[in-house]
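Assemble the complex: chain A is given as a structure, and chain B must be docked to it using the hints.
The primary structure of each chain is shown beneath.
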Amino acid sequence: MEEGLDAYRTFRREQGDFEALFRAHYPEIVRYLAARLGSRDDAHELAGDVFAEAWRRVPGLRWRGRPVRAWLYRVASNMAADELRRRSRLAPLPELEVADDADAAEDRIAVARALAALPADHQLVVHLRLVEGLPFDEVARVMGRSVGACQMLMLRAARGLRASLAAEGVRDG
Amino acid sequence: MADPTLARDLARALDGEPAGAEASELAALLLAAAEPSRFAVADAAVERTLARLRRPPRPRRRVVPALVPLATAAVAALAAFVFLRTPGSHVQARAARAADATFFVVEDVQARRPGLFPATSVSGYVDGGRGRAHVRIFLRSAGAVAETVLHEDGSVERWLASSDTTTFAPSCDLLPGGCGEVLDPFSFYVRALESGGAHVRRAGGQYLLTLGGGRVEQVAHVDARTYLPRLIEWRQDGRVVAVVRLTSLERQHGGLSPDAWTMSDHGGARVVQLTAAGRPVRVLGARPAARSAVRRWLGPSFGGAAARVERVALTGGSAVRIAYGEDVVVWNYGRVVPPPVLQARSLPAKVFTAPGGAVVHAYFGRAGTQVAVVAFADGNAAVVSRTGANDLVLRAAQLLRRPGSP
Chain A
5 MEEGLDAYRT FRREQGDFEA LFRAHYPEIV RYLAARLGSR DDAHELAGDV
55 FAEAWRRVPG LRWRGRPVRA WLYRVASNMA ADELRRRSRL APLPELEVAD
105 DADAAEDRIA VARALAALPA DHQLVVHLRL VEGLPFDEVA RVMGRSVGAC
155 QMLMLRAARG LRASLAAEGV RDG
Chain B
690 MADPTLARDL ARALDGEPAG AEASELAALL LAAAEPSRFA VADAAVERTL
740 ARLRRPPRPR RRVVPALVPL ATAAVAALAA FVFLRTPGSH VQARAARAAD
790 ATFFVVEDVQ ARRPGLFPAT SVSGYVDGGR GRAHVRIFLR SAGAVAETVL
840 HEDGSVERWL ASSDTTTFAP SCDLLPGGCG EVLDPFSFYV RALESGGAHV
890 RRAGGQYLLT LGGGRVEQVA HVDARTYLPR LIEWRQDGRV VAVVRLTSLE
940 RQHGGLSPDA WTMSDHGGAR VVQLTAAGRP VRVLGARPAA RSAVRRWLGP
990 SFGGAAARVE RVALTGGSAV RIAYGEDVVV WNYGRVVPPP VLQARSLPAK
1040 VFTAPGGAVV HAYFGRAGTQ VAVVAFADGN AAVVSRTGAN DLVLRAAQLL
1090 RRPGSP
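Protein chains in written order, with my numbering: chain A, 5 to 177; chain B, 690 to 1095.
Next comes chain A alone, as it looks inside the complex (with noise of 0.2 Å):
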């Protein structure tokens, strides 16, 4: 109880602080829009989208027992999606940016691109637990799912990442 009652005051104390919330969740946006974009100047970019949307919508948000960084990713997620879409009509994906020497940099290139192939609630578990390192009880509240369901989206994200590599023949590990 204690425990929902604080997430219900960051929750406020966030949605009445666009300052704080800003600089709270903006570099991890960032880093989540680098790995499904393969760019982070178009991460930085979209990333700004983002939080003028957050500046706008955020101080009307109700409270659904879900942070502000739960909304913060949907939109950036839904940002991203919007973003390859509109690439994908008008240009060839950009490269990813590794760099890096000879095969190494080659293999991590394919890692990366199996990553950003992953359906968007794989990346995104992976994301917050690997990259952001939040334990899986707040990457369940980040995303509204069960502990889980989320252990489960990231062993179906390990094994689209194993398939992907294997199709392209770089060895895992």
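Check before you lean on any hint, since a few could be wrong.
Distance windows between CB atoms, simulated [what the hints assert, rightly or not]:
# : chain 1 : residue 1 : chain 2 : residue 2 : range
1 : A       : Asp53     : B       : Gly956    : 39 to 49 Å
2 : B       : Arg1090   : A       : Arg68     : 27 to 37 Å
3 : B       : Val929    : A       : Asp10     : 30 to 40 Å
4 : B       : Arg1024   : A       : Ala24     : 44 to 54 Å
5 : A       : Ala171    : B       : Arg940    : 51 to 61 Å
6 : A       : Arg61     : B       : Thr936    : 43 to 53 Å
7 : B       : His942    : A       : Asp53     : 17 to 27 Å
Quick caveat, the hints were computed from the structure, so don't treat them as lab data. The beta-carbon is built from N, C-alpha and C at its ideal position, and this holds for glycine as well.
Showing chain B alone in chain A's frame:
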């Protein structure tokens, strides 16, 4: 191994705990895939983007409508009331501080007698300092049933689900029932407090304030630490009739978005505007006018079309219409909004700040209608286009200027 078991095993592997071979292999793959995303975002980049998003605050106005501050004054009155009975407290300062703030309020109103009235929730923002409020009323069985926005200048917008109508009026007095939902039960509570005769007693971590007398009385449960009300019981003949639970009464410390004070999108709702006399606004007629009548325009010509200036008589006021050809029209107006602008205000809106700090509300209709409304210190201007390119009104709104300005 079954999938749920393997999923748990994988979770353990990701936590660095001992796990089976397959889970360990998958964990290594995931960690390798996630590794390139673990980069730091420079503070400078964060601050640069924040500076781009940050908008200048609107100037604080001194005009405060008579009714709205009652809601937050409730907090002040209550604080004052309690402190007056608490020796050594700084009543004036604390009361003033309580009133001069924006609160987010959520009230659940429930009848104790089944069937007396349906359980109702009231939630929204009340800003006593600037005299504005935005509240929604919900019935648990029916969802949102009404929404009211009270502006700094005392004008009010109300949407009612029952008639799916949004009404604009210059003051609360012109709306049937006034602005009760903005104020009650707070306002009732304040009036009761102000009338005096309350009995106060300490009960654990709270004060119990009994107000009124005779057959109907209220008992307010006030937090002894914050001096904010948490629960109000309405009693009749000693029995509780209704309970108002203030599930949230929070002072807002950050600047709120203008959207916090903007009516939600009720697409398709009928729009009615009332004049100061309570009559609906209509266009009564138009006649050519000199350029000296213009306060803001897009210049003597725009998009290759020369400006045609007309003064338009409206029920309860007038406006200046500057037409550039058939498609682009600029309106200059005060408190009475021209019907073509008003109709568009029920469309989905975007808010942004023009160079110079004026706040622009842009509305985009499904049939291509675009309207950008700019609130200047000396009046309002709106650019209306029915068929223009997507960003026409956004660009035009930022070009609005006084005649004679470059």
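Query raised in the report: Can you list which hints this structure breaks, lowest number first?
Result: 1, 2, 4 and 6
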